[in-house]
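K.L.:
Just so you know, the sequences run in chain order A and B.
My numbering applies: residue 21 is where the first sequence begins, and numbers increase by one.
My numbering applies: residue -13 is where the second sequence begins, and numbers increase by one.
Be aware that a few hints might be false.
Pairs of lysine to aspartate or glutamate residues, derived as DMTMM-like cross-links and limited to a Cα-Cα distance of at most 20 angstroms, are as follows [unchecked claim]:
| no. | chain 1 | residue 1 | chain 2 | residue 2 |
| --- | --- | --- | --- | --- |
| 1 | A | K675 | B | D80 |
| 2 | A | K51 | B | D11 |
| 3 | A | K585 | A | E625 |
| 4 | A | K32 | B | D11 |
| 5 | B | K106 | A | E625 |
| 6 | B | K(-3) | B | E52 |
No lab work stands behind these hints: they were computed from the structure.
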Amino acid sequence: MPKDTGIGASDKRREDIRFLTGAGHYTDDIKHYGATTAIFCRSTVANGIIKSIDTSAAENMPGVLAVFTGADFADVGGNPAGWLINSRDGTPMKEPKRPVLAHGKVRHVGDAYAAVIAETELQARNAAEAIVAEIEELPAIVDMAAALAGDAFVHDEIGTNQCFDWGWIEDNRAATDAAIKAAPHVTTLELVNNRLVPNAMEPRCSIGNYDAGNDSYVLQTTSQNPHLTRLLISAFVMGIPENKLTVIAPDVGGGFGSKIYHYGEEALVLAAARKIGRPVKWTADRTEAFLTDAHGRDHVTKIELACEKDGTFIAFRTETMANVGAYLSNFSTATPTFLHGTLMAGNYTVPNVYVNVKAVFTNTAPVDAYRGAGRPEATYSIERVIDKAARELGIDPIAIRRKNFVKPDQYPFTSAAGLEYDSGNYDALMDTLEKHIDRDGFAARRKASEARGMLRGLGLNAYIEACGIAPSNLVGVLGSRVGLYDAATVRVNATGNLSVMVGAHSHGQGHETVFPQIVGEMLGIDPASIDIVHGDTSKIPFGMGTYGSRSLAVCGSAMVRATEKIIAKAKKIAAHMLEASADDVDFKDGQFTVKGTDKSVSFGEVALKAYIPHNFPLEDIEPGLEETAFYDPANFTYPSGAYACEVEVDPDTGKVRVDRFVAVDDFGNIMNPMIVTGQVHGGLGQGIGQALLEGARYDDDGQLLSASYMDYTMPRADDLPFYTVDHANGTPCTHNPLGVKGCGEAGAIGSPPTIVNAVIDALQSAGKNVTHIDMPLTPLRVWDAMQNA
Amino acid sequence: MASVAMVVNGKSITREVEGRTLLVDFLRDDLRLTGTHVGCDTSQCGACVVHVNGQSVKACAMFAIEADGAEVATIEGQANKDGSLNVIQQAFQDHHGLQCGFCTPGMVMTAAALLKENPKPTEAEVRSYLEGNICRCTGYHNIVKAIMAASGQDVTAIAAE
């Protein structure tokens, strides 16, 4: 039964009040005295040599305070990739410099080569138009295969467009090849995982402030992880000492990955603020967001599944080209490798897995982690090829998955792709799914659809993913240049209320509500007396922010540890107050009690005593009640799920309608079911969007054809159904204190193959031998596939 | 510069504006009513929806001077007089109809316009009416549910937590 309060209760979100009344504080809402505006000059060609930039006219225009070009940043550092990937031959990946402003060459449409700072936005725009850049256009390098084969390079200095050629696990390659060669049945599928634009509804925005009196900077910016942004600016890009730079991410209007990364605009507004001694603000318009936010996915893949005639899996072998765009964004090298290749065994006991990923530079926007980040690509490949194999072998799609599932008694289970799954029960998820979907009634529903001239399909999927990327010791060996812990400070104030400073950042996830539910239950106090502080590097401990469904599993664990330290110290204080030994003091429901007596003090009394330490045994106990914990997980967490949907396809138009969608997930223990359900809904919306609607399309000249909401099809309310979401039967994570797994990305991971499998099923029901259609499944693509079948 | 006078959330205001100033920029920059958001450049996203003379409009697609003499309502004026959430706002909180909150003001203003026109909309009518409002967080499920709940309909049968 759901609880009314505390852990597991669907507390309403406290942050909603300000968002519902217009009282939120997003970065663009902040107005500083004396603020100025930055506008960027962006390349209109995908590839070109900057011959000259004449800024003289612009500099003399009304209101103009400063003009910057790439030359001004030639001596500062580049924005680095956070993960070093080695190629199969042992050589390190190619890492061309990513400058603050393009210098020498522009490499994608939207690449900024100059910036103007002026009193007003209008003055800055006018001056930006007066900058004369002579750019010699070169042929654009857009197609990945052509990029690998050609002799023109996005970065001339590296002499190749291949960033790396990665094999996972290289030692398994020969065995996998041999197993596939000897297998009785091999199913092959070539597919494209379509390029997406994250499209957080709030465009990026950054404000730079410089305080000459202290030689210090403040950057207010739309970030999912302000400490990481500060570290990158300080240690790599600008050399501003960390203690002289504060990064603040206030209310942030969605991220989905795109606001993990440090972008050049953040460095520019800081440099400009110092130069002119005034605040400098830049707010992206939506077109800039399309052109310059890190995109997602964009894999071209061939996957083979070898199996016995009875459907027992023998091997998965995958070859992928992954587009990294024109520059390496911060997580771009980890996403197609360790967040993708390591998941290529899926939920299955398959003994042989080998993945080869070639990352390719092109004259397109950088590509990086977008909701799911590598796991949607893995799940899509696996679950599509399984469906194809099941059809070829005449095996039921649920039966073939069940036949190969890791079984509950096999945990911890080391997959053939090298991960150790700690817990799960995939058959139980499938059982629950089958209860929800009324499979027996499907034939009648199909018949009813057919009576209306529609084709009905049922699509199924099982997924596993890896969240809370960790542990630091392991990821360090694998090439990560950062640790992947998180941190929390629990400050008990003298009057008994709490401020909890966390490294995680909430931009829609509801941390301000859920985190107090947990601490409140641990301390036996009202969650309303606990506030979460996040997003300000001057207030919070060094944490890694929010992405990869890590907030609760990693930062939440740190918060639990810090709260445990609070309880331990508070017990000592209580023992002193009660004139007992700390070992004899019990803590329950907010009361410290001497065992076997009625002597007790409340948490609030202890808090007050901690700060008014009269008659305190100072040799044993310091005053104050504040504790910090850093938590570095022992492993990833492994959410899993079983999804199903039914679609109707109009054979006359190819239009697909999602009739129903069921998501059954194992997220481990659930802290707030309402919020978890909402996270799944959002992921499903984005995953269904990928499957049916969304696609970032560049033409051969490298022009982004889908750079506005009139060209890029965002899912709207009438594109989507009500969803059935069930996460009641989680198997707790075995290695973090809350037993939680992470729920932010699951919906986006599990839904695309579910939808495509359903559409193929619908077309097959009409006798059309269509085995695959690349996403997005637009009416034209579906209709074409039917005509050509 | 031209003088504009309008009643915004019940208060009369007069300001000098440039002819080019969009209503959304006027609200945000001149009146500091920053609850109305800008999410796109093409009048597609609906984060800027306000009411002008009782009609929902995208404040990015209208000049401030066009609202001269008008009554304008924004998200900041939607709560009840005692400061508590109005029926629609409360339904959004009760049914978790928002996450990052950026599209939310536009959603609430659009929902208010819908319920004024159609006090008991069906699911299909709600979804259709929201065609000009994009949300990237919620997958719309809880927004649709919240609006139907705000209309007084029983939404307990709609799957969710």
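K.L.:
Taking the hints in turn, state whether each one holds.
P.N.:
To see whether the hints hold, each was checked on the structure:
no.: 1; hint: A:K675 x B:D80; verdict: 34 angstroms, violated
no.: 2; hint: A:K51 x B:D11; verdict: 13 angstroms, holds
no.: 3; hint: A:K585 x A:E625; verdict: 18 angstroms, holds
no.: 4; hint: A:K32 x B:D11; verdict: 32 angstroms, violated
no.: 5; hint: B:K106 x A:E625; verdict: 53 angstroms, violated
no.: 6; hint: B:K(-3) x B:E52; verdict: 18 angstroms, holds
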